[in-house]
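Trainee: Model the full structure from these sequences, guided by the hints.
From first to last, the protein sequence lines are chains R and W. The numbers in UniProt numbering rise by one with no breaks, and the one at position 223 of the first sequence is 223. The numbers in UniProt numbering rise by one with no breaks, and the one at position 253 of the second sequence is 253.
Just so you know, not all the hints are guaranteed correct.
Take a look, some chain R residues computed to stay more than 10 Å from chain W by CB distance [stated by the list, open to error]:
id, residue
1, Pro39
2, Glu155
3, Pro200
4, Glu260
No farther apart than 25 Å at their CA atoms in a straight line, the calculated lysine to any residue pairs in the SDA-like style are these [stated by the list, open to error]:
id, chain 1, residue 1, chain 2, residue 2
5, W, Lys30, R, Leu238
6, W, Lys159, W, Glu249
7, R, Lys30, W, Met239
8, R, Lys226, W, Gly99
9, R, Lys226, W, Ala98
10, R, Lys184, R, Thr345
11, R, Lys30, W, Ile242
12, R, Lys294, R, Leu264
Just some of the chain W residues that point at chain R, by a computed CB distance under 7 Å [claimed, not checked]:
id, residue
13, Gly52
14, Gln57
15, Pro72
16, Ala81
17, Ala98
18, Asp102
19, Arg344
20, Gly363
Please keep in mind that the hints were generated in silico from the structure rather than gathered at the bench. Each residue gets a CB set at the ideal place from its N, CA and C atoms; glycine is no exception.
2 protein chains.
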Amino acid sequence: MRNASVIGLGMTKFGKNEASLKSLAISACKEALIDAGNPKVDAIYVGNFLGGQLAGQEIIGSILAKELGLGPIPATKTEGACASGGIAFRQAYHMVAAGIYDTVLVAGVEKMTHASTNLVTQAINSAMDNDSNEGISGLTFPGFFGVVANRYMYEYGAKEEHLAMVAVKNREYAMHNPKAQFQKETSIDEIMHARPITSPLGLFHCSPITDGAAAVVITAGNTGVKVLASGQASGPPLMQDIPDLLSIEAIQESARQAYEEAGLGPDDIDVVELHDCFAMTEILAIEDLGLFEKGTGWKAVEQGLTKHGGKVPVNTSGGLLSRGHPIGATGISQIVQIVSQLRRTAVNQVEGVRIGLAQNLGGTGAFSTVHIFEGSGV
Amino acid sequence: MRNASVIGLGMTKFGKNEASLKSLAISACKEALIDAGNPKVDAIYVGNFLGGQLAGQEIIGSILAKELGLGPIPATKTEGACASGGIAFRQAYHMVAAGIYDTVLVAGVEKMTHASTNLVTQAINSAMDNDSNEGISGLTFPGFFGVVANRYMYEYGAKEEHLAMVAVKNREYAMHNPKAQFQKETSIDEIMHARPITSPLGLFHCSPITDGAAAVVITAGNTGVKVLASGQASGPPLMQDIPDLLSIEAIQESARQAYEEAGLGPDDIDVVELHDCFAMTEILAIEDLGLFEKGTGWKAVEQGLTKHGGKVPVNTSGGLLSRGHPIGATGISQIVQIVSQLRRTAVNQVEGVRIGLAQNLGGTGAFSTVHIFEGSGV
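Mentor: Take a look at the structure:
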């Protein structure tokens, strides 16, 4: 396996966007290709989850190859619910590292805001095992993570304020990110009195419905931000099969793989983007990534250890909660932010960062990917 | 890159099946794992196209990992319309050849017959570029290949009888395949007087709506039927962008790659499964694969060169036309048949075969994969 690095970044503004699925993806891809110096591209991978259900559009890989003028190159869409983008990146990275392709374009895209909330909720539930009883019983994702949050507070002594602290932190980061969906200032008080979604989760604790696309270019060698490791794991797709509701096995296992491959541990990570689909999920993820002990994540949040000046700034882009969550694009947009941090050109730049980590979750723990990157350390 | 070979095969009966998407996939996977001797599996890839739209079910990769008891292994769905299966196989093969995984399970699955024909037709049209004018103008896949057939007959002198000869051949093969959707005998006369779909294509010239799943196990080394080469290409997803309606660029390019990688040419191929989504497509494909000169495929069919005793038997499983076309499963079921041929255990076994080829198409030429396999030559 040879080295591979990220040499191009592109991303649309996230939020409500009148552009089509295809147009969003083209915008992000063009920006990434220009940023990479318009290299010859050998293949394209696209992370997308709901193109068929919400936009009546599949074959997005082939469409992009044609529209971008890349010739008859192989094009592949990958799906793993909300981890579709991270999985696309992993495939592309391995194909470059293995020498099958020299340079690959990886895009993530989703178009959601044109559909009704009911339709979106129904489509997102295709990320549960609907042949068993979850979909039939009416469980939704906010429902699942609401249960988890209640149990977490009961077990470990966290309070609703700690969920709000995650949401405030990510909003404060998003306020400085012109590509984030939400830039309006908020407060603990506003968050705690916002419209309830599933107790204890309110409106600000849940990632929004978003349109958007992100893209990166990976190439062989060390000319960009180096990919140190790629981890991917699966976990139980059914709530009743999860042995411990307060740990996400797929995050732990994908992180274990990535740390091992990189020869690094959690203490070596300088900056993180992780999958805060709900405020609760961020607290679980900082624990499952090994950044903080199980059951202490809420204390780390309280002490400011997950922001600038703390142990490891988390979701400096604003995270899914405030940057937005165009599902297929999310995993790629996380990598855009981490690579920007390691290039020292990010919004909410963290000083002196050299090693960054991006973690992307799918379903209620059905998939997780972890990628670790190394900047030049300039 | 190290050698990799196919050591396990599984397939449900194709046709109308009351089982769910998940159950179909599990059946095929279990059969393939048993056939492979229940090896430790490092990852799973699944080709699926319409799970979200027709069954409200995505995350099928993770569901299979859980249901099959494979542990927290990486699981990935790939999509490239009707080439979703071929693309899944290609990813899996390269990950084994590159040494990322030692043994990978590859499944393809689709559940279609429970939905109305209108809904299925609409869902299949997500394999066109609907942001441009094709979907909007109401073009369907039978419409496209009907236009192609008319033009082919005009240019090269083929007659409707030649389309019927393809359909009869594939039905005759399917009559001996207990897993095929259609086993009832037919005749040129019945085919030519069947219900018209899009002139000149009638009912027997169009692949059916089908439920089914297929699976294979790939492992490092030479213990099974060896994978010699993998080609994948894209082509214009819009009819008006296709320079020559009578050639499918993605088939030509994917074949070119595969022949080059294998160090073989079309004359070295002993048996072929190809993507006869319509009778016309089989004639184009035998030409675009280089098995016969452009414009002469219909003569080859007339002379019996694509069946037992001819130059190269094509679609000995019955093909999409009569084996059936559960979209995501098709590419894998083609490989099941080719590997069976090279194991000398196939339905409609061809004598003395050593090299086989499987070609899987997506859209109106948006994707094609070509895989070449080598048996032990016993």
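Trainee: If you test the structure against every hint from before, which numbers come out violated?
Mentor: 18, 19
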